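Undergrad: These are the residues of each chain, in order.
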Amino acid sequence: MPSTVSFTLNGEPVSAEVSSRTLLVDMIREQLGRTGTHVGCDTSQCGACVIHVDGVSVKSCTMLALQADGADVVTIEGVARNGELHPMQAAFREHHGLQCGFCTPGMIMSALDLLQTNPDPSEGEVREWLEGNLCRCTGYQNIVKAVLSAAATMRG
Amino acid sequence: MYEFNYHRPASLDEAKRILSGNDEAKLLGGGMTLLPTMKMRLAQPSDLVDLSAIASLSGIEVAGDSITIGAMTTHAQVAASAEVSSRIAALSVLASGIGDAQVRNRGTIGGSVANSDPAADYPAAVLGLNATVITDEREIAADDFFTGMFETALGPQEILTAIRFPLPKRAGYAKFPNPASRYAVAGVMVAETGNGVRVAVTGAGANAYRVSEMESALSANFSASALDGLAVDASELNGDLHASPEYRAHLVVVMAKRAVAAAGG
Amino acid sequence: MSENGIGAAVRRKEDHRFITGGGRYTDDINRPNQVYAYVVRSPLAHARITGIDASEALSRDDVIAVLTGADMAAEVVGGLPCGWGVCNKDGSPMAEPAHPPLATDTVRYVGDQVAVVIATSRAAARDAAELVDVDYDELPAVTDLASAGADGAPQIWEEAPANVCFDWEIGDSAAVDEAFSKATQTASLDVVNNRLIPNAMEPRAAIGDYDRGKDEYTLFTTSQNPHVIRLLMGANVLGIPEHKLRVIAPDVGGGFGSKIFHYAEEAIVTWASKRLGRPVKWTADRSESFVSDAHGRDHISHAEIAMNDDGEFLGLRVRTTANLGAYLSTFAPSVPTYLYATLLAGNYKTPAVYCEVKAMFTNTVPVDAYRGAGRPEASYLLERLVDKAAKVAGLTPIEIRRRNFVPNDGFPYQTPVALEYDSGDYFAVLDKALEISDYDNFAARKKASANKGLLRGRGLSTYIEACGIAPSNVAGALGARAGLYESGTVRVNPTGSVTVLTGSHSHGQGHETTFAQLVHEALGVDIDAIEVVHGDTGKIPFGMGTYGSRSLAVGGMALVAALDKIKAKARKIAAHLLEASEDDVEFENGELRIAGTDRAVTFGDVALAAYVPHNYPLDVLEPGLEETAFYDPKNFTFPAGCHICEVEVDPDTGVVNVDRFCAADDFGRIINPMIVEGQVHGGVTQGIGQALFEECVYDNESGQLLSGSMMDYCLPKADNVPNFDVATNVTLCQHNALGVKGCGEAGAIGAPPAVINAVVDALSEYGVEDIAIPATPQRVWQAIQSASR
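Residue numbers (this note's numbering), protein chains in the order written: chain A, 2 to 157; chain B, 200 to 464; chain C, 534 to 1322.
Check before you lean on any hint, since a few could be wrong.
Said to hold, decoys possible - In silico lysine to aspartate or glutamate, EDC-like type, Cα no more than 20 Å apart, as pairs:
no., chain 1, residue 1, chain 2, residue 2
1, B, Lys238, A, Glu31
2, C, Lys924, C, Asp842
3, B, Lys215, B, Glu357
4, C, Lys1098, C, Asp1069
5, B, Lys238, B, Glu202
6, C, Lys1098, C, Asp1131
7, C, Lys882, C, Glu821
8, C, Lys1098, C, Asp1165
9, C, Lys921, C, Glu1159
10, C, Lys1098, C, Glu1159
11, C, Lys622, C, Asp723
12, B, Lys225, B, Asp342
13, C, Lys985, C, Glu711
14, A, Lys146, A, Glu95
15, A, Lys146, C, Asp705
16, A, Lys146, C, Glu821
17, B, Lys238, C, Glu821
18, A, Lys146, A, Glu126
19, C, Lys1072, C, Glu775
20, B, Lys238, C, Asp818
21, C, Lys985, B, Glu357
22, B, Lys238, C, Glu663
23, C, Lys882, C, Glu711
24, A, Lys146, C, Asp1258
For the record, the hints were derived by calculation from the structure and aren't laboratory data.
Note that the coordinates shown come from a computational prediction; the quantities given were computed from them, not determined experimentally.
Use the sequences and the hints to build the structure in full.
TA: Written as C-alpha cells, this is what we have:
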C-alpha cells in the first residue's frame, strides 16, 4: 500500500508516494527525477548509488525509501553550491578522476564522507575507504589522486 | 523485492505487539543483509519492523569490567568509539573491517549477530570475547547463542537489544576476506579472558564456533608459535569458489596466529 | 604547442556534467506513456521449451503483454546476425545457426531469452515474470570448453557436429614443421586464458519508442556503435529501413567491447513498442548482465616454440580451442582468429608461425570481444612461452626478447601471419620500461620483502597489438560483413563556433575533448567553441563506432580529412575576401593571411561570409562551411610496449599483491597525454583483474553460472592496485597523417603476462614453473603446497 515519504533533498523539502518496497535510489531517480545517482549492481557492491543520509554515506540501493522519512538527504546534485563546483568535484576534473562518469557521483559522495572524519587521509586510507565503490575505467589512480588533492584544498 | 507492511515502532513494546502472532514478520536493523536478500527475492517477509526509531537500542555504555553495545549501534559507531578502542581494540578493529564504509554506516551489531551469517565478523567477537546477548526477554551466553547457519537461540518474537562484552585481558582479530564480497572467508578472534583463552572462528563453518585445541595450546603458551603444526579438520568446513574446505582450514590457522600476534602474543 | 592543441593535457570538456550529476545515460531517460519490459530467462542451460503459459501473468491489471518467441518470429525478418564469417581449413563456411531474439523452441544457456513481460512498472513486470509458466524438457548440457568436443558431448546445434563452429588455420604449417626439425632447443606451454565477464559499470538498457504518425522508430541504447545497431537490427532483424529508424546511444557508462554487439533486448523493445503503441523500456539488473552481456576470452591452447642454439626463434606452433558460447554474437568469429592468431608473431621476427583454432559452441553466454579481443589471448600465450623459452635457452627474459625483436631497420615488417607492421622501436620501449621500473635495484627490494616474510617476483611482457580497426578491403577479404571506415563532419557555424559530428562513440574515452583538440589545432577556434556530437544516427551522417582502439586512428582521421576540406574552402573564401590568389593564402592560428603581408581575415570572418554570402564568389563556390569525410585506414596500427610488474606473494595465504607496475608504451603521436595515461591505468587494471581476480566459472554439471554476481566475480577494487608508472616512447604511425596508433586496449594486453610472469618468478624458489590464471590466493597456495610436497 502506498505511503508518503518526506525528507529534505539537497536542502529542499520533497515528498512522494511510495510502496513499501520502493528503494530510496528508485524514489530519487524515478519519482524525484534526480538521475545523478546511479544503479550499477543489485548486490550492494558497486557504490554507484552512494548518497548522504543524515550526514553519512550510504548505498541508496540498500535502503527503503520509507527508511529515509524525515531524513536529510544529499545527492551529487546537491554538492555544487550556487553553480560553483565543490573542491572535490573540481579535483576529479583536474586530475582526470573519471572516464565514463557512471561511478563518479558515488565516488564523490563516498570520498566526501571520508574527509568528514579523516581530513588528511593517506593514499592507503583513501584506497581502503573506496573499497565499496567500483570503477571499471580509471584503475583508481586518478580518483585517489583527486581525493588527496581535494583533501589538501579543503584543509586550506 | 516483494511488497510487505512496513512499521517503524517507537518503542520495544510496540515492536513486540506488531511481532506477536505474525510469524512472517522480520525485524529490520541496518538491513545490510536482509534488504539485499529481499531484492534477490530470496526472502518474502509479510512485515518489516524497523527498529531504528527505538532510541534505547542504540549506544555504547561502559560499566565496570564490560562494554554494552545497543543492538542498533552501527559498525561505524563501534569502530569510531574511543571507549571501545581503548578497552577492546580487537572489537574496534573488527568493526572497522566489516563490509565497506557504507555498510558500516548502516549495518548494526544486533542485526549482524541475530542473523548468524556464517561469513559475518561479529559472531567471532561475540563468541571469542565470551559476550552475553541481551534480549527483551533474557540474557543468552555466547556459547549458547549460535546454533547453525543463519540460526540462533533467539525465539521467533524475541528482540536482541544489546550485547555485553566483558573486557578481555587481551584480544586480537584477523580475517581473510573473500576477494570479491569482502565477507570473512576465515575470521578468528583470539582472546585471553577471565575464564581462560577463547578462540572463535567465523566464515569457515556453518556458524561461528570455538576451536578447543587452539584454546588449550594458547592457554599453555599465548604465542603464535604455540599454534605451529596444529591442523584444523576441514571436513566440516564451507567450500566455495574462492576457498575450498582445505584452504579454509589452513587459513583458520594462519588467521589465528595473526590474531594472537595482534593481541600481543 | 598551443595550450589546447595536439599534445596538451586539456581537462575534459565532458566532465562537468558527470561530476554534477548531469550525465544522461539510457536509464535516466523516460518517455511519455512508457511501459517496462522484464525478460523471462532460461533457468536451464539446455532445454526444449514445451509450453509457455502466461495466463496468470496476463490476469494482472498492471500487465500489458507477455510476448514470446512465437509472437516475434511471426513478425520479424530474422535473427540476431553475425557480422563476421570465418571459413574452415577446407574453405567451407563456419556453422552459423539462427539466433532468434526470443527463443522459439530451445534454450541453450542459463539466461537465454524466453519471453518478455511488459507492465506498467519495472517491479510489476518482474512480479509478473515469475508468474509466466514455462515448461522445459531438459537436455544434457556442456559449459566446459575442454569437454565440448569430447565423444558423446551433448550436441548444441544440429548444423555444428561435435559442437565445432569452425576449424580454422593461419600460417605455413610445413614451414613450421621444418623449423622444428632444425631446432636445437624448444619450449612448450599449455595455457588457459580465463573467461571474463566485462562488467561495464552501467548495466545495459534500451528504450524502444515507435511514432505511429510518422511510422518511425527510435531506439535509445547503451551502445558503442549506434549506426551498427541501426544497420544490424534494421536490416537483419526487424526489417526497418535506415530512414525510419533512429538509434541514440547517449552517455554510456563504459563498454570495453561488451556494448558493441547487437543484443536481443534492443530488438525486443523496438518491436514491442510498435506492437503495443507505447515506448518500452528495459534496464538490466546486474544479475542479468552477468548472464546476458557477451563474455570474453575463454581459450585453451598448446604452444611450442623452436629455437636455435642462440635462442633465436625459428618457428611457433599453436593449437587453440576457443569458446564461442551458445550462439554467435556479432563479431565473435573474428576474435579467436583474425584478432588473435595474426598477433602471434608478437614483437619478434619468428620466420614461421602456424596456428589452428577450433571454435566451439557450449551452453554458455555468447563470447565476443572484450577489451583487447584476441590480442590479450595472443600476448598472454606468447609472453608466457617466451619466458619459458628463456629458461630453456639459459637467457634472461630481457636478452631473449632483444635477440628476437624485429629490428628498427626492419620496418615495414611482414609477419608470417598476415600483418605488416609499419613502425616501432621495441628496444626503446623495453629500455624505457627498464629505466622507470628501477630494474637494477630489484634485488634490494626482494630482500626487503623477504624480511617481511613475502616473496617478491618480477615479470615483464613485451606486446604488440593491431588497432585502428580496420582497412575495409582487408577486413572484407577476411570475412567482415561490414566496412570499417569512419565518418566525420565539421560544421562551422555562422558565428565561427564548430560542431563536430563523429561516428566514433565516447563512453569514457574523452572524444569530446580529444577531437576538439584536433579542431582547435587545425582551425584555431577556441576549444570552448567546439562541440563534439556523437551517438545519434539522427544527427551523425554515418559511423562504425568505437572499439579496437580505433577512434583516433580512424574516427580522428575522418575528422582530419573533413578539416582539410574546411581549410581548403576557407582559403578560397579568404582569397576572395582579400582579393588575392588562393595559393597565396596561409592558414595559421585562426587567421588566413596573404603570405608575407599583414593582410588577413580571421577564420570567424570567413565563416560569417560563408553563411552571409554578400561578398562571396557564388559563381564558383557554394555558400556554407560544412564538410564531411569518410576515412578508411590503409593498414592496422601497431601500438607496442613493455610492461614490468613486481608482486609480493604472502606464502601463508597465497595472496598476491601488485607492488609496482610500469608501462612503457608506443602509441604513436599523443593528442592528450592525460587521457592516454588514464586509458593505460584502466587497461592495466583490467589486465591485473584478469591475472589475479576475475574468473567466470560455470558448474559443468548443472550448467549454472557460479560467478554470477559481484559477490563472487571479483572486480579489482581501489585497494587491489598500486599507482602505476607510465611512460611513452613515440614512433609515428606511417600511414595516417596524425601518426597515431591507439591506446585503449594496451593495458589489458600487456598486463596479464607481466603479472603472471612475476607470480611465477616469485614462486620459483618453490620450483613452481607455471600457474593457472587468475592466480587467486587459493591457487597460489595450492601451487605452493603441491611444490612443497
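Undergrad: Now tell me if each hint is right for this structure.
TA: Tested hints:
Restraint check: the Cα-Cα separation between Lys238 (chain B) and Glu31 (chain A) comes to about 18 Å, which is no more than 20 Å; the hinted pair holds. Taking the CA atoms of Lys924 (chain C) and Asp842 (chain C), the gap is near 13 Å; set against the 20 Å cutoff, the hint holds. With a C-alpha separation of about 8 Å, the suggested pairing of Lys215 (chain B) with Glu357 (chain B) holds against the 20 Å cut-off. As the CA atoms of Lys1098 (chain C) and Asp1069 (chain C) are separated by approximately 24 Å, the hinted pair breaks the 20 Å bound.
Under the criterion of a C-alpha separation no larger than 20 Å, the hint pairing Lys238 (chain B) with Glu202 (chain B) is consistent with the structure, at around 11 Å. With a CA separation close to 25 Å, the supplied pair Lys1098 (chain C) and Asp1131 (chain C) exceeds the 20 Å bound. Taking the CA atoms of Lys882 (chain C) and Glu821 (chain C), the gap is near 45 Å; set against the 20 Å cutoff, the hint is violated. A threshold of 20 Å between alpha carbons decides the hint, and for Lys1098 (chain C) with Asp1165 (chain C) the separation of about 16 Å falls inside it, so the pair holds.
Distance restraint check for Lys921 (chain C) and Glu1159 (chain C): the Cα-Cα separation of roughly 57 Å exceeds the 20 Å cut-off, and the hinted pair is therefore not satisfied. Note on Lys1098 (chain C) and Glu1159 (chain C): the hinted pairing holds, with a Cα-Cα distance of about 9 Å set against a maximum of 20 Å. Only pairs whose Cα atoms come within 20 Å are accepted, and Lys622 (chain C) paired with Asp723 (chain C) is rejected, the gap being roughly 23 Å. Restraint check: the Cα-Cα separation between Lys225 (chain B) and Asp342 (chain B) comes to about 24 Å, which exceeds 20 Å; the hinted pair is violated.
Between Lys985 (chain C) and Glu711 (chain C), the direct Cα distance comes to roughly 50 Å. Violation of the 20 Å bound is thereby established for this hinted pair. The straight-line distance between the Cα atoms of Lys146 (chain A) and Glu95 (chain A) is roughly 10 Å, inside the 20 Å bound, and the hint therefore holds. A distance of roughly 50 Å separates the Cα atoms of Lys146 (chain A) and Asp705 (chain C); the hinted pair therefore is violated under the 20 Å criterion. Annotation: proposed proximity of Lys146 (chain A) to Glu821 (chain C) is violated, straight-line Cα distance about 33 Å (limit 20 Å).
With a C-alpha separation of about 13 Å, the suggested pairing of Lys238 (chain B) with Glu821 (chain C) holds against the 20 Å cut-off. Distance hint between Lys146 (chain A) and Glu126 (chain A) is fulfilled; the C-alpha atoms sit about 12 Å from each other, no more than 20 Å. Using a Cα cut-off of 20 Å, the hinted pair Lys1072 (chain C) and Glu775 (chain C) holds, with the two alpha carbons roughly 13 Å apart. Between Lys238 (chain B) and Asp818 (chain C) the CA atoms are separated by roughly 11 Å; this keeps the pair inside 20 Å, and the hint holds.
A C-alpha spacing of about 49 Å is found between Lys985 (chain C) and Glu357 (chain B), which places the hinted pair above 20 Å, so the restraint is violated. For the hint pairing Lys238 (chain B) with Glu663 (chain C), the CA-to-CA distance comes to about 14 Å; that is within 20 Å, so the pair holds. Using a Cα cut-off of 20 Å, the hinted pair Lys882 (chain C) and Glu711 (chain C) holds, with the two alpha carbons roughly 16 Å apart. A hinted pair counts as satisfied when its Cα atoms are at most 20 Å apart, and Lys146 (chain A) with Asp1258 (chain C) qualifies at roughly 14 Å.
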